[in-house]
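Participant: The lines below spell out each chain.
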Amino acid sequence: MTATLLPPELAETEASPRAGADALPGGPTPAIRTSGLTKRYGGLTAVSGLSIEIPRGVVAGFVGPNGSGKTTTIRMILSMIRPTEGSAEVLGVDTRHPIGYLPRVGALIEGPAFYPTLSGRRNLRVLSSLGGYSPVRVEEVLEIVGLADRAGDHVASYSMGMKQRLGIAAALLPKPELLVLDEPANGLDPAGILEMRRLILELSRHGVTVFISSHLLAEVEQIADWIVMLNKGRLLFQGPIDAVLSQRETQLVVAAEDPADLGRLAALLRSAGHSAHVIDGRLHVDAEASFAAELNRSAMSAGITLVEIGTNRATLEDTFLAMTAGETR
Amino acid sequence: MIRAFRSEWHKLIRRSMLLSAVLGVGVSGLATFLALSRAKSGVSEGGFSIATLSLSDGWSQIMSRASDLMGVVVLGIAAVAVASEYTNGTLRNLLVREPRRVRLLAGKSLSVLSFLALLVVAACAVSLVTALVVAPGKGVDTSTWGTSAGVHSIVVTVVDVVVSALAYAVVGGMLALVLRSAAGAITVGFAWLVIVEALIVAGWSQTAQWLPGRLFNTIASNGSNTIAYGHAAVFAAVYVAVAAIAGAVLFRTRDVTV
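Listed in order, the protein sequences are those of chains A and B. Heads up, the first sequence is in my numbering, so the first residue is 81 and it goes up one at a time. Heads up, the second sequence is in my numbering, so the first residue is 170 and it goes up one at a time.
In case anyone wonders, no lab produced these hints; they're calculated from the structure. Using N, Cα and C, we set each Cβ at its ideal position, and we do this for glycine too. Keep in mind that a hint or two might mislead.
Unchecked claim - Chain A side only, calculated, beta carbon under 10 Å to chain B, not exhaustive:
1) M160
2) A187
3) P192
4) A193
5) Y195
6) P196
7) L198
Unchecked claim - Distance condition first, Cα-Cα at most 25 Å in a straight line; then the derived SDA-like pairs of lysine to any residue:
8) A:K312 x A:S115
9) A:K255 x B:F174
10) A:K255 x B:M170
11) A:K312 x B:V427
12) A:K255 x B:R269
13) A:K255 x B:I171
14) A:K255 x B:R172
15) A:K255 x A:S199
16) A:K312 x B:T426
17) B:K209 x B:G306
18) A:K255 x B:G258
19) A:K255 x A:G241
20) A:K255 x B:R272
21) A:K255 x B:R175
22) A:K255 x B:T259
23) A:K255 x A:D174
24) A:K312 x B:D424
25) A:K312 x B:V425
Unchecked claim - Stretch by stretch, here's where chain A covers chain B in the computed footprint (C-beta under 8 Å, at least three residues):
26) 180-193
27) 259-273
28) 418-426
Required output: the full structure, derived from the provided sequences and hints.
Facilitator: What follows is the structure, given as structure tokens:
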């Protein structure tokens, strides 16, 4: 993906700071707002009472394990399935009137879907004709995703990564205000993921709201500034990603010159009220990084020489797992 | 709707569709060749007599009889055009770009029907050319086909066969919408229109005037001894309208989960 190539319509304008990075609900109309959104299939509740707000201009991660209701929610947002209860607005328009907002939305839903015996270019022309975009726009988006040189080949001959790029090209056709990407990293190699990440950040810097559904929390952690966590169809958390990350527990990880001393140090720390455990020849202490100096002094007073003190912060994935621990048990 | 119409044409001219079209046209030429090859001097049971084929509507009789075969081919192509959007998952892309579902369906349907109309006209042309080449060798006098009555008969037959084929196509498209599977739609369509109807008519011959497949074939034949053209046209139109409305309502209201 040629992420250094900005979409032409964006290249003409100066990039602004991440427009939505500081945005909060209650400001301008959110890019996405749902209220009590629920979808039931017979006795199965896929999404239950979901109320979320995604501010404009943010890169919003929509995370949760497989089967948590992400794709069902996206389909309701894109007016493909009707909610059983509740309502949703996209770009200020009720989802019951999709013609009012879908022309301003680009979407890649549940993996790329194309006509295998048509070329990549012809596939995009099917969509550009339908949306009323010029053939020039097709060439632009092919250039953006780095597929221009293979655009004449049948999609059947594309790798999964190339199909994914074509899917993103299709999503970019309308010059969207809101880009909805469902598992966009699927099938991409590490370089492709990096390029996609750059492209998303570039789009975001130019005011495009990006709503990314993913079960790869580490990937989302790197690009999102807003996060919605879902589990079993229910909302776990929504808000700035910093709010989640600041709640993460930090551990100090300590190595001693003589590993046999770690048990003695652990007992010392526990007697002082700290949680400390030796795991694989390292002492793990639940404490902030600022405790490192005091820990070092305590070790020295006990005649223990430390050779390493590091910090180990919980990832978004760890945080998510901790939040869902009670529900999955 | 015009956008949907144009968009669909990009897909219709893909290789698999064109191969299906060539197959349909080829079948028409082959059927004509076989019909003429089997023509005999006297009365031929199940076939044509040379005297019959030498009448001004000689070619029309051959083409009318091949129309049910053409109808099944057209039903299959229409079913593939609709169902492949479900099986490929491409319907969700289309609905993001054109969320007004009835417009999308109408544009797509008109596009597919216009493609199929051209296909049937091409099949008729191939059949006529085949007939003109083969007939003299079998002793069939084709000079009457070029008279004003003959030309009128040819034009009427082409129009009737096109109308009949498009009725089959609407049924095929509706079945594909319901079943979301080309194979399922073709199987059900073929089973009903060709097999089940034949069994019903074998048991209760008077039912022929109410069965859709029989009515569509009657249109292609410009009426028959037992079913008047007007009756067939009116009730075939009712069937087509019901299929089109049912398909549109289903498409508009059903969740898209592919």
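Participant: Does each hint fit the structure? Answer for all of them.
Facilitator: Verification of the hints:
A hinted interface residue such as M160 (chain A) counts as satisfied when its beta carbon comes closer than 10 Å to some beta carbon of chain B; here the least separation is about 4 Å, so the hint holds. Interface restraint check: A187 (chain A) against chain B, minimum CB-CB distance 5 Å, threshold 10 Å, status holds. At a threshold of 10 Å, the smallest CB-CB gap from P192 (chain A) to chain B is about 9 Å, leaving the interface hint in force. Interface restraint check: A193 (chain A) against chain B, minimum CB-CB distance 3 Å, threshold 10 Å, status holds.
About 6 Å separates the beta-carbon of Y195 (chain A) from the nearest beta-carbon of chain B, less than 10 Å, and the hint is met. Taking 10 Å as the C-beta cut-off, the interface hint given for P196 (chain A) holds, the closest approach to chain B being about 7 Å. The interface hint given for L198 (chain A) holds, since its Cβ lies 5 Å from the closest Cβ of chain B, which is under the 10 Å cut-off. At most 25 Å may separate the alpha-carbon atoms for a hinted pair to count; K312 (chain A) and S115 (chain A) meet this at roughly 17 Å.
Taken as a hint, the K255 (chain A) and F174 (chain B) pair is honoured in the structure, with Cα atoms around 23 Å apart against an allowance of 25 Å. Proposed proximity of K255 (chain A) and M170 (chain B) is supported: the alpha carbons are some 22 Å apart, at most 25 Å. Using a Cα cut-off of 25 Å, the hinted pair K312 (chain A) and V427 (chain B) holds, with the two alpha carbons roughly 21 Å apart. The suggested pairing of K255 (chain A) with R269 (chain B) holds, with an alpha-carbon distance near 20 Å, which does not exceed 25 Å.
Between K255 (chain A) and I171 (chain B) the CA atoms are separated by roughly 22 Å; this keeps the pair inside 25 Å, and the hint holds. Between K255 (chain A) and R172 (chain B), the direct Cα distance comes to roughly 18 Å. Compliance with the 25 Å bound is thereby established for this hinted pair. The suggested pairing of K255 (chain A) with S199 (chain A) holds, with an alpha-carbon distance near 22 Å, which does not exceed 25 Å. Note on K312 (chain A) and T426 (chain B): the hinted pairing holds, with a Cα-Cα distance of about 19 Å set against a maximum of 25 Å.
For the proposed pair K209 (chain B) and G306 (chain B), the alpha carbon gap of about 12 Å is at most 25 Å, so the pair holds. Straight-line distance between C-alpha atoms of K255 (chain A) and G258 (chain B) comes to about 23 Å, which keeps the hinted pair within the 25 Å bound. The straight-line distance between the Cα atoms of K255 (chain A) and G241 (chain A) is roughly 22 Å, inside the 25 Å bound, and the hint therefore holds. With a C-alpha separation of about 23 Å, the suggested pairing of K255 (chain A) with R272 (chain B) holds against the 25 Å cut-off.
Pair hint K255 (chain A) plus R175 (chain B) holds up; C-alpha atoms about 21 Å apart against a cutoff of 25 Å. Under the criterion of a C-alpha separation no larger than 25 Å, the hint pairing K255 (chain A) with T259 (chain B) is consistent with the structure, at around 20 Å. The hinted pair formed by K255 (chain A) and D174 (chain A) meets the criterion: a straight-line CA distance of about 21 Å does not exceed 25 Å. Only pairs whose Cα atoms come within 25 Å are accepted, and K312 (chain A) paired with D424 (chain B) is accepted, the gap being roughly 21 Å.
Note on K312 (chain A) and V425 (chain B): the hinted pairing holds, with a Cα-Cα distance of about 21 Å set against a maximum of 25 Å. With a threshold of 8 Å between beta carbons, the proposed coverage of the segment 180-193 of chain B by chain A holds, since 4 of its residues qualify and at least three are required. Residues of the segment 259-273 of chain B with a Cβ under 8 Å from some Cβ of chain A number 11, which satisfies the need for three, so the listed coverage holds. Coverage of a stretch by a chain is defined here by at least three residues with a beta carbon nearer than 8 Å to that chain's beta carbons; for the segment 418-426 of chain B and chain A the count is 3, and the condition holds.
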